[in-house]
Amino acid sequence: MFKIIIFLLIPFISFSQSYKTVKDTLLLKQKIESMSKSTISIESDFTQEKNLSMLSEKIISKGHFVFKKENLLRWEYNSPSKYLIVINKEKVVIKDEKKTTKYDMNSNKIFKEINDIMLSCVQGTIFKSNKFKTNYFENERYYKLELLPQVKNMKETFKKINLYFDKTVTSVTKIEMIEGNEDLTLLDFTNKKINAPVVENIFIIK
Amino acid sequence: MRRLLKIYLLLSSIFVFSGCSISKYNHHNCDKIVLNETFIEPVINYSSVLKYNASVDVLKNHLTGLLIVKQTDSITKHLVFVTELGMKMFDFEVKNNQINTAYIFEPLNKPKMVDALKRNFSDMFMLSGFGNNDCKYETTNEIIYTSKRNKTKHCFIVSKTAGLTTQETFHKQKKTTKINYSYNAITKTYSQIKCKQYGLIKFYFELNEPQIVQ
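These protein sequences, in sequence, are chains A and B. By the count of numbering that gives the first Met the number 0, the first sequence reaches residue 205 at its end, each step adding exactly one. By the count of numbering that gives the first Met the number 0, the second sequence reaches residue 213 at its end, each step adding exactly one.
Hints listed in this document are in silico derivations from the structure and should not be mistaken for laboratory results. Honestly, I wouldn't trust all of these hints.
Below, computed lysine-lysine pairings styled on DSBU-like, alpha-carbon distance capped at 30 Å [as the list claims (entries may be wrong)]:
| # | chain 1 | residue 1 | chain 2 | residue 2 |
| --- | --- | --- | --- | --- |
| 1 | A | 154 | B | 69 |
| 2 | A | 61 | B | 59 |
| 3 | A | 57 | B | 76 |
| 4 | A | 151 | B | 59 |
| 5 | B | 187 | A | 111 |
| 6 | A | 98 | B | 69 |
| 7 | A | 68 | B | 59 |
| 8 | A | 94 | B | 117 |
| 9 | A | 88 | A | 101 |
| 10 | B | 174 | A | 81 |
| 11 | A | 97 | B | 135 |
| 12 | B | 187 | A | 101 |
| 13 | B | 135 | A | 111 |
| 14 | B | 135 | B | 187 |
| 15 | A | 19 | A | 36 |
| 16 | B | 111 | B | 135 |
| 17 | A | 57 | A | 159 |
| 18 | B | 59 | A | 108 |
| 19 | A | 81 | B | 193 |
| 20 | B | 193 | A | 111 |
| 21 | B | 94 | A | 97 |
| 22 | A | 94 | B | 135 |
| 23 | A | 97 | B | 177 |
| 24 | B | 31 | B | 94 |
Use the sequences and the hints to build the structure in full.
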């Protein structure tokens, strides 16, 4: 009996998961734009799941991040190891278990590239970048923006980036970064606080 | 005149120092051998995947993350470095003692950087095989193996109790790299590998606490 119920539910389950193209993309763009403008701060826990074709197991990391306009980001891993990256406008500080390293984003191409992606993904504004072509999808729970790299460097790093927004478009819910060989990084955000007060000294690392 | 004397003393001390460091491996009474994995425990085990906590200091960059080493088929190995943020920095493929770049994060893709990464990983993991002019001699506590290929000489110090402890590489008599190994006899893996490259471009690699994934 249970099997029959499951069998009968399959079409509905798969329907609810499947995505269709968004008809009014202009309206969705406006909603994201308005979300981005009205968001002054975001605070959230995250789970990062890395699937490498070379490994049968997933690499799972957990942490917490705080974003504050403009260009202030504290991205902190608590497990499996402690790792902190703080972006304070043009300065980047990385603190691992052994060392604290400071970079000037303008003189370091590696971190400039990484930080551009992080900040624009967290804010949901990455779709405005001319480095990507965007396709818009939706299902009952999410809007999905499929970002296809258009420039050589980005194409070498990612096959595509999927950005998920809840249907009320209040924030980015999850991010999928898919590499050329199908290696995948999934970021899932939970316990979000939008526009809660954030003290700026958390973005200063001495 | 005083300044010239200072420069002369500095240069001569460098010459004496570098001469000493290679000369300690120049033994005329060594046994000629064909060096292979029966003499030195290899870093990569053919049946497993190795995951190292890695830190790489390259030029002004300090990168940390996971280095995954995997034998993908009988002749191919892959070295993949992934940062904490989940971003892949490079994927090197090793086939027939040659390291090729399968992927490198674009800002790292500079010829000198790529060459140094390949050369140091090749040395650390002893990937490029050994030469054909190998030599072995013993001291009270150690066995020293030297292997020469073209103008590069690799010197391996194997402790009689702790296994491989050091590898020093010399190019045209000048020390280019020093690698320290800590061997764990229980897990049969190298629990720590530290590699320091000398010269104008400074590189430092540290690999720790490997986890074996079957």
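>> Need the status of pair residue 94 (chain A), residue 135 (chain B): alpha-carbon distance at most 30 Å?
In response: With a Cα-Cα distance of about 44 Å, the restraint between residue 94 (chain A) and residue 135 (chain B) is violated, given a limit of 30 Å.
> Given the hint that residue 61 (chain A) pairs with residue 59 (chain B), does the C-alpha gap stay at or below 30 Å?
Replying inline: 28 Å, holds
>> Can you confirm whether the C-alpha distance between residue 97 (chain A) and residue 135 (chain B) stays at or below 30 Å?
In response: 38 Å, violated
> Within a Cα-Cα threshold of 30 Å, do residue 135 (chain B) and residue 187 (chain B) meet the stated pairing?
Replying inline: Distance of about 23 Å is within 30 Å: holds.
>> Next pair to validate is residue 88 (chain A) with residue 101 (chain A); report whether the Cα-Cα distance is within 30 Å.
In response: 13 Å, holds
>> Next pair to validate is residue 94 (chain A) with residue 117 (chain B); report whether the Cα-Cα distance is within 30 Å.
In response: Roughly 26 Å between the alpha carbons, so the hint for residue 94 (chain A) and residue 117 (chain B) holds.
> Within a Cα-Cα threshold of 30 Å, do residue 154 (chain A) and residue 69 (chain B) meet the stated pairing?
Replying inline: Cα-Cα ~25 Å, so holds.
>> What's the verdict on residue 59 (chain B) and residue 108 (chain A), does the C-alpha distance respect the 30 Å limit or exceed it?
In response: 11 Å, holds
>> With the threshold set at 30 Å, check whether the alpha-carbon distance from residue 135 (chain B) to residue 111 (chain A) stays at or below it.
In response: Violated, at roughly 49 Å.
>> For residue 187 (chain B) and residue 101 (chain A), compute the direct alpha-carbon distance and say whether it is at most 30 Å.
In response: 37 Å, violated
>> So if I understand the rule, the pair passes when the alpha-carbon distance is 30 Å or less; does residue 193 (chain B) with residue 111 (chain A) pass?
In response: Given that 30 Å is the threshold and the Cα spacing comes to 28 Å, the pair holds.
>> Hint check: residue 111 (chain B) vs residue 135 (chain B), CA-CA at most 30 Å. Holds or violated?
In response: Cα-Cα ~33 Å, so violated.
In summary, the structure is inconsistent with hints 5, 10, 11, 12, 13, 16, 21, 22 from the numbered list given earlier, while agreeing with the others.
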